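S.K.: Below are the chains, spelled out letter by letter.
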Amino acid sequence: MDAAIRAVLGYFFLILVVRVVGRRPGKQLTPFEFVLIFFIGGLALTAIVGDERSFTNAICQVVAVALAHYAITWTRSRYARFARLVDGTPLILLERHEWRTQTLERMHIADADVMFAARDHGISSLSEIDQAILERNGDISILPVTETTDAHGMQA
Amino acid sequence: MAGPAFKRPVTDSVAKINHELAVGEDLVFQRKWWRFERAIWVLFILIIALDCMGAFGRGPLANARIESTDHAVEADYERIERTGTPSMMTVKVRETAPDPIELFVSDSAVSGLGLRRVIPAPETTTVGSGGFTYRFPRGSLPAVVRFEFEPVGAGVYHITVGRPGEALMHMTVAVVP
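Quick mapping for you: the protein sequence lines, in order, are chains A and B.
51 is the number that the numbering used here gives to position 51 of the first sequence; each next residue is one higher, with no gaps.
194 is the number that the numbering used here gives to position 38 of the second sequence; each next residue is one higher, with no gaps.
It is possible that part of the hints are untrue.
Looking from chain B toward chain A, a few residues come up when the C-beta cut is under 10 angstroms (computed) [said to hold, decoys possible]: (1) Arg164; (2) Thr167; (3) Asp168; (4) Val170; (5) Val179; (6) Asp182; (7) Trp190; (8) Ile196; (9) Phe200; (10) Ile201; (11) Leu202; (12) Ala205; (13) Cys208; (14) Ala211; (15) Phe212; (16) Ser224.
Some residues of chain B that are not near chain A, with every Cβ distance over 12 angstroms (derived) [what the hints assert, rightly or not]: (17) Ser169; (18) Glu181; (19) Gln186; (20) Arg214.
Bear in mind the hints are in silico, worked out from the structure with no lab data behind them.
Predicted, not measured: the structure shown is a model, and the values here were computed from it.
No residue lacks a Cβ here, since even glycine has one placed at the ideal position from N, Cα and C.
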């Protein structure tokens with residue numbers, strides 16, 4: 001019982017830490033993030049498992065974490081407010097040739113990160129981007145300037 | 157036969173920017189979250205600072221010393237301990253000690269703090285009066301006896317150490333999870 005509670009508390013604590021550490025742009029984990037995830041996971045494991053090394057304990061803890069994960073996923077899909085709390089919301093980084101400076105600064109994103117995502121979409125310069133959006137999973141979506149959006153931009 | 161496919165009409169449930177692009181950005185919430193994040197980082201720094209100082213054990217704040225009123229016995233111990241982590245209490249017996257040296261340790265040292273070992277091994281151990289009385293052959297003084305603990309659970313424990321029949325030392329030890 002105690003071990004299962006420890007596992008669930010550890011799971012919620014890690015969710016908080018990962019959420020606070022923040023979203024980083026990019027589709028793949030950088031070596032820096034690998035270190036962070038494995039190191040935090042390893043450290044948490046010691047306290048969560050404690051001196052109970054039995055197979056029964058491992059099964060109970062895995063089941064407890066699976067249930068906690070299911071509960072979070074279920075609540076997230078049902079309540080938009082909870083989803084916003086767990087995942088955050090998409091954030092606009094660049095809109096109509098203007099940077100959202102506060103968002104960039106708070107999310108620790110540089111122009112180069114946006115350009116990296118833009119190159120992935122075959123865009124060769126920042127001026128060709130109409131909207132850049134930091135998605136909830138850390139990806140940066142790029143919407144290129146089209147004739148229509150450019151016309152809107154000129155009107156604005 | 158396949159059952160019915162459950163459907164619902166598509167509506168614009170995701171907020172748009174400039175009435176064009178459905179993004180679902182919520183800057184009001186995000187600004188609140190950034191404030192919350194800052195508070196959490198301050199809390200994290202505070203936790204690390206307290207940890208370095210020993211507020212959660214294993215540091216200067218955790219170390220304590222107590223002396224019996226007759227100044228015959230002195231003990232260095234950790235007032236804050238951690239579950240499952242070994243620690244040592246050093247008891248120093250001074251000149252006034254009779255031969256042989258006897259030390260009483262309350263039962264809470266075993267049940268609460270998980271007393272593992274007594275160094276050196278006592279000649280005899282007597283059980284009673286809510287604890288254990290260890291007897292050691294006397295050599296040259298001061299004599300040092302070490303008690304190794306490994307607490308099994310969190311809580312606040314009161315332990316008593318000293319020479320039986322003489323002034324005893326009462327200590328309070330907090331064990332963090």
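S.K.: It remains to establish, for every hint, whether it holds in the given structure.
M.R.: How the hints compare with the structure:
no. : hint   : in the structure
1   : Arg164 : 14 angstroms, violated
2   : Thr167 : 14 angstroms, violated
3   : Asp168 : 14 angstroms, violated
4   : Val170 : 9 angstroms, holds
5   : Val179 : 5 angstroms, holds
6   : Asp182 : 4 angstroms, holds
7   : Trp190 : 5 angstroms, holds
8   : Ile196 : 5 angstroms, holds
9   : Phe200 : 8 angstroms, holds
10  : Ile201 : 12 angstroms, violated
11  : Leu202 : 14 angstroms, violated
12  : Ala205 : 18 angstroms, violated
13  : Cys208 : 17 angstroms, violated
14  : Ala211 : 18 angstroms, violated
15  : Phe212 : 13 angstroms, violated
16  : Ser224 : 35 angstroms, violated
17  : Ser169 : 9 angstroms, violated
18  : Glu181 : 6 angstroms, violated
19  : Gln186 : 6 angstroms, violated
20  : Arg214 : 15 angstroms, holds
The structure does not agree with the numbered hints 1, 2, 3, 10, 11, 12, 13, 14, 15, 16, 17, 18 and 19 stated previously, though it agrees with the rest.
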